[in-house]
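Going down the list, the sequences are from chains S and F. What the first sequence shows, in the working numbering, is residues 1 to 299, in sequence order. What the second sequence shows, in the working numbering, is residues 300 to 527, in sequence order.
Since the hints were derived computationally from the structure, they do not count as laboratory data. Heads up, the beta-carbon is just placed ideally off N, CA and C, and yes, glycines get one too. Mixed in with the good hints there might be a few duds.
[Claimed, not checked] Short, incomplete list of chain F residues facing chain S, as computed with Cβ under 8 Å:
| # | residue |
| --- | --- |
| 1 | 368 |
| 2 | 388 |
| 3 | 405 |
| 4 | 406 |
| 5 | 425 |
| 6 | 427 |
| 7 | 429 |
[Said to hold, decoys possible] Simulated crosslink set (SDA-like; lysine to any residue; CA at most 25 Å straight-line):
| # | chain 1 | residue 1 | chain 2 | residue 2 |
| --- | --- | --- | --- | --- |
| 8 | S | 262 | S | 91 |
| 9 | F | 431 | S | 15 |
| 10 | F | 391 | S | 25 |
| 11 | F | 391 | S | 91 |
| 12 | F | 429 | S | 15 |
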Amino acid sequence: MRFSTFFYTLKQGVINIFRNKWYSLASMATISACLLMFGVFYSVVANFQHIVKSAQEGVAVTVFFDEGLSQERIAEIGTMIEKRAEVSKVNYVSAEEAWNGFKEEYLGEYADGFGDDNPLADSANYEVYLNDVAMQGTLVSYLESIDGVREVHQSEVTATTLTGVNKLVAYSSAGIIIILLAVSIFLISNTVNIGISVRKEEINIMKYIGATDYFVRSPFVVEGMIIGFVGAAVPLGLLYFLYQTVIDYISSRFSVLSELLKFLTVEQVFTVLLPVSLIIGIGIGFIGSFTTVRKHIRV
Amino acid sequence: MITLDHVSKSYSTGAPALNDVSLNIEQGEFVFIVGDSGSGKSTMIKLLLRELLPTSGNITVNGVNVAALKHRQIPKFRRNIGVVFQDFRLLKDRNVYENVAFAQRVVQTPTKEIRRNVPAILSTVGLAGKYKARPRQLSGGEQQRVALARALVNKPPILLADEPTGNLDPKNSWEIMKLLEEINEAGTTVLVVTHNREIVNAMKKRVITMNKGVIISDEKEGSYIDEI
Chain S
1 MRFSTFFYTL
11 KQGVINIFRN
21 KWYSLASMAT
31 ISACLLMFGV
41 FYSVVANFQH
51 IVKSAQEGVA
61 VTVFFDEGLS
71 QERIAEIGTM
81 IEKRAEVSKV
91 NYVSAEEAWN
101 GFKEEYLGEY
111 ADGFGDDNPL
121 ADSANYEVYL
131 NDVAMQGTLV
141 SYLESIDGVR
151 EVHQSEVTAT
161 TLTGVNKLVA
171 YSSAGIIIIL
181 LAVSIFLISN
191 TVNIGISVRK
201 EEINIMKYIG
211 ATDYFVRSPF
221 VVEGMIIGFV
231 GAAVPLGLLY
241 FLYQTVIDYI
251 SSRFSVLSEL
261 LKFLTVEQVF
271 TVLLPVSLII
281 GIGIGFIGSF
291 TTVRKHIRV
Chain F
300 MITLDHVSKS
310 YSTGAPALND
320 VSLNIEQGEF
330 VFIVGDSGSG
340 KSTMIKLLLR
350 ELLPTSGNIT
360 VNGVNVAALK
370 HRQIPKFRRN
380 IGVVFQDFRL
390 LKDRNVYENV
400 AFAQRVVQTP
410 TKEIRRNVPA
420 ILSTVGLAGK
430 YKARPRQLSG
440 GEQQRVALAR
450 ALVNKPPILL
460 ADEPTGNLDP
470 KNSWEIMKLL
480 EEINEAGTTV
490 LVVTHNREIV
500 NAMKKRVITM
510 NKGVIISDEK
520 EGSYIDEI
């Protein structure tokens, strides 16, 4: 393609947008509305999954040892556990720490009666935190098989509940996102169709003069992609400012739950949302204009 | 230059639009095709432009077997044929210069050459002073001249004019026909589909008369034949 043809195509694409400003605005608004819904939905889902993940990270499996097991063996077991892929963190709790913790939590001043005795003398343990709660069962079987391990405590109910919630969120969000995309493609192809039927005559003239499909289509495709880009940029800008405001509002209203509600920062959300929205916007503009022009181009 | 060899074209319903038509037009000829509505003139133009395919028979234009063209070869083929329509078919939102330049852009003529060629062809059709005007600011005759300039700027060997004077008054009609004659004298093969009896009779050119899909007369210095 010659440079002059390339610039001509770009220029025509931009001119087309202004020439059909109402149609362009309608298309941009449609894409913006769909991507705003998508962005809001994605932000909610991403935060929900983040909160669930944080909760998962708080779920620990506790490993107790055989009576009188040597410190060396305990350290060895610690290293073995740390090597496991599903393990995110291992904490060693000595018998003293376990007893102090128990006293503080349950006995208070009554603990004095025990003097220097430590009824939990054999309660040294590892608190093992997981990357993924769904792997808890596998890890527990492994831990139970280690020589020197007396007992493994786990919270099966928490694990299965969190895994279930996570799956539900993943499936339902995938479903809703697919529906949203289908609706937006339908709306956009309708808008593009209206715009193109107005210019059917223009396409006909171009074809009679001997324009190739590529030459006829290029300005429309450029136009579609610019509309898609603007259509994506508007809701992204809006979400960028709204997100922080909403997060601040929720955090201040529900400060009691601040430990549980750990939100993603706007930057974290936008790492995914920005490229995905731009690709969807520009992609819809490209596919919408490409396919709709194709219908009218075979003259 | 243009050969139709036992060409027929049928649409899905009704009688065939063209029925076993054969004709030969030499390079540099000026030919009128006349006939009533439904005689098959428009179908013939569409076949020559490869907008339609014949049901049977062969069509050769400028040495190209039209029916054998693949979709992607059609644009290049059409660049050898300038076309002018009754309704001008100009791009309404572009000025005169841009309308003519568009035909050159399509064939990727360098901008420098476009700047030289477009004013030259506009002065040939007598519109040099109106290059900035939009189609709606021009009279019918002027719009048809723009269409003619657009059809000719790439110097095609063949010019097809489908009712070029259909929307024009007698004075403008004559001016357009004079232009077509000049273009023909410069070497372009010109094929004019028309209803304009006065012009056909006055110009003493080859006249092919069609009726119900067949050629009923083909005369070297012919005249308009009345309703059959």
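Results for each hint:
1. For residue 368 of chain F, the shortest C-beta to C-beta distance to chain S is roughly 12 Å, which exceeds 8 Å, and the interface hint is violated.
2. At about 5 Å, the closest approach between the beta carbon of residue 388 of chain F and any beta carbon in chain S falls short of 8 Å, and the interface hint on this residue holds.
3. Below 8 Å, beta-carbon pairs count as interface contacts, and residue 405 of chain F has one with chain S at about 4 Å; its hint therefore holds.
4. With a least beta-carbon distance of about 7 Å to chain S, the hint placing residue 406 of chain F at the interface is held under the 8 Å criterion.
5. Interface hint status for residue 425 of chain F: violated, as the beta-carbon distance to the closest one in chain S is roughly 22 Å, over 8 Å.
6. Nearest Cβ of chain S to the Cβ of residue 427 of chain F: about 22 Å, over the 8 Å cut. The hint is violated.
7. This hint is violated: residue 429 of chain F has a C-beta 20 Å from the nearest C-beta of chain S, more than the 8 Å allowed.
8. Distance hint between residue 262 of chain S and residue 91 of chain S is fulfilled; the C-alpha atoms sit about 23 Å from each other, no more than 25 Å.
9. Distance check on the hinted pair: residue 431 of chain F and residue 15 of chain S sit about 17 Å apart at the alpha-carbon level, within 25 Å; holds.
10. About 22 Å separates the Cα atoms of residue 391 of chain F and residue 25 of chain S, which keeps this hinted pair within 25 Å; it holds.
11. For the proposed pair residue 391 of chain F and residue 91 of chain S, the alpha carbon gap of about 77 Å is over 25 Å, so the pair is violated.
12. About 22 Å separates the Cα atoms of residue 429 of chain F and residue 15 of chain S, which keeps this hinted pair within 25 Å; it holds.
Taken one by one, the earlier hints fail for this structure at numbers 1, 5, 6, 7, 11, listed in ascending order.
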